[in-house]
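Put chain B on the given structure of chain A with help from the hints.
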Amino acid sequence: MTEETTLAAIQAQSMPRLIIRRLFKHRLAGLAIASLLTLVLFAVFASLSPYSPTDQTPSNSFQRPNSEHWFGTDELGRDIFTRILFGGRVSLAVGLISTFLSISLGVVIGALAGYFGGWTDSILMRVTDAFLTFPTIFVLIILGAFLREQPLPWLKNSVIVVIIIIAALSWMWPARLVRSLFLVIREREFVNATRALGGSHARIILSHILPNCIGPILVSGTLQMASAIITESGLSYLGFGVQPPTPTWGSILATAQTHVFRAPWLAFYPGAMIFITVMAINYIGDGLRDAFDPYVIHTGK
Amino acid sequence: MRTYALRRVLQTIPILLIISILLFFLVRAAPGGPLSAARRNPNISLEQIEVLEEKLGLNDPLPVQYWRWLSGMLRGDLGDSIKFHRPVLEMIGERIPNTLLLVGVSFGITLLVAIPLGVLSARRPYSLFDYTTTTITFMGQSLPVYWLGLGLIVIFYVVLKNPFTGEPFFPGGGLNSVGREGDIPDMLWHLVLPVVALSLGWIAWYSRFLRSSMLDVLHEDYVRTARAKGARENVVYYKHAFRNAILPLVTLIALDLPSLFAGALFVETIFSWPGIGRLFWDAARGRDYPVLLGVVMIDAVLIITANILADLAYGWLDPQVKYD
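Read top to bottom, the protein sequences are chains A and B. The numbers in my numbering rise by one with no breaks, and the one at position 293 of the first sequence is 293. Every position in the second sequence, counted from 1, becomes a number in my numbering once 301 is added.
Isolated chain A (complex conformation) (with noise of 0.2 angstroms):
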């Protein structure tokens, strides 16, 4: 074999090809990934079922999962295996689009932190400190209690307001991150050639710094996309999330909870769910971790 060849054979392996083979090596990951897939294609054809999500039946309710409703029907008698479909649909929605907010907010501000530093740097991670001491958890409650009832029209779907204040109050995970990645890649020679050659800040930043930060940000991701979902259906459970009759896991696992002496089968399937897709994901996390990481030799677990 000559050395153009193997040059060749590694030039093919192009960077995204690689990272995914290596993703699927990892058995678990590849597990998960083919969870979540499934998991979103029940959410994408929820549909298909032959019953309403939020049609009443009463005279059809808590019916044990039987052949016709899989997993039962709750107190007005709605089809519990649809309504988790339809579920789902929220549930990974708000996961994905919120954290998609959250870490663009993120990479944005530890960019431009740990870049430019000094005064830039001072002031925005003061304002990220600020807002890691937020109790969280309350805030959560009071913007998805009072947010609604604001009067701003495109504030009146709940599924929109539990986005913006998930991705409001954990941008600053990511941003620590993206700054800390770039105080050290800022230093490397590579950054100090194209300085040297005249590259402009923001090409530096975008072209140069910034793929070599795709791995760790990739990771993180998944960390917050996890959360975000815990997050949303804990606010949903608690009554100040996505509001009903739109069905999510966190309203089904509430409902569940005031039947639970008529019904205890009903608070398994919501929560089972969302512990999937969790486990899926941070499952995929891992993956990912491994894959980018050149020092991990693929023994194929």
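FYI, nobody ran anything at the bench for these hints, they're computed from the structure. What you are looking at is a predicted structure, and each value in this text was computed from that prediction instead of being measured. By construction, the Cβ of each residue, glycine as well, lies at the ideal position given by its N, Cα and C atoms. The reader is advised that the hints may include incorrect statements.
Here are the computed distance ranges between Cβ atoms for each label pair [what the hints assert, rightly or not]:
| # | chain 1 | residue 1 | chain 2 | residue 2 | range |
| --- | --- | --- | --- | --- | --- |
| 1 | A | 151 | B | 348 | 56 to 62 angstroms |
| 2 | A | 244 | B | 368 | 47 to 53 angstroms |
| 3 | B | 560 | A | 245 | 41 to 47 angstroms |
| 4 | B | 344 | A | 76 | 27 to 33 angstroms |
| 5 | A | 52 | B | 369 | 30 to 36 angstroms |
| 6 | A | 40 | B | 533 | 52 to 58 angstroms |
| 7 | B | 529 | A | 192 | 36 to 42 angstroms |
| 8 | A | 66 | B | 433 | 57 to 63 angstroms |
| 9 | A | 276 | B | 479 | 37 to 43 angstroms |
Derived coverage of chain A by chain B (criterion: at least 3 residues anywhere in the stretch with Cβ under 8 angstroms from a Cβ of chain B; other residues may be distant) [claimed, not checked]:
| # | region |
| --- | --- |
| 10 | 68-75 |
| 11 | 83-89 |
| 12 | 253-264 |
The following block gives chain B in isolation, referenced to the frame of chain A:
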């Protein structure tokens, strides 16, 4: 160090001001106002509401009301609850011991279980014990506390009964059984399920943290030095490595405080445990804004204080840390 502490304390003032302004105006800008519940009550006439509004100063411009609330707060007066007509500070004071009991017992158990788990699985990484612990704690981290709490109620209160008496194994909520208020054994009995619900996720999180912290420390030069001078493996492990691995825990716990409060709020809500979290949840449902704002401000002060103390403690534990 004293100037450092002083500067940190001074820095908290703008943070507290920003939190208080944002939340006050948000809560008070909602249409209907704090008396919307009273307005819907057919037993209260419009005249009475007007009298109440005048008495509570709700007709003044919002900045004036904010100033009144803020200056009251500085004198230690958080106002009166709209629903219970009692001083907010007094209501919070009644609930704090219950929350401290729940959180304190849960946290103590967490450390007692998590530290040995983390240290032992780092002792023999990739052994069967480590693999089992890592898998279980990974699951524990993904377990939502509200589902766990509800599950415990379903299993130990609703479904399973003591075969001899037909009674549930554990109470489903509350601080005491009816008619046994102040009875300590009865209260401990009520504490079991909430503590289990609260500590399981914490144990998972802290044991994972301690495992990776131990593994990090074991790569340090001073560990190699200790081994090179012939120290026994147990001494290297528990004397040299463990002490340093546990240091970051101080900062972590302070940073975690907001999420620790969050867990307590869920558990208190599920188990009707009369603590701060439950008080806050009830107040949020009843839009009792003086209680809401009071609890948030007190918690913000607690979290900031804990962070400053953690920073100072870190400097005391690790002489390498310099305060500028």
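> Broken hints, numbered, in rising order?
Replying inline: Per hint list: 1, 2, 3, 5, 8, 10, 11 violated.
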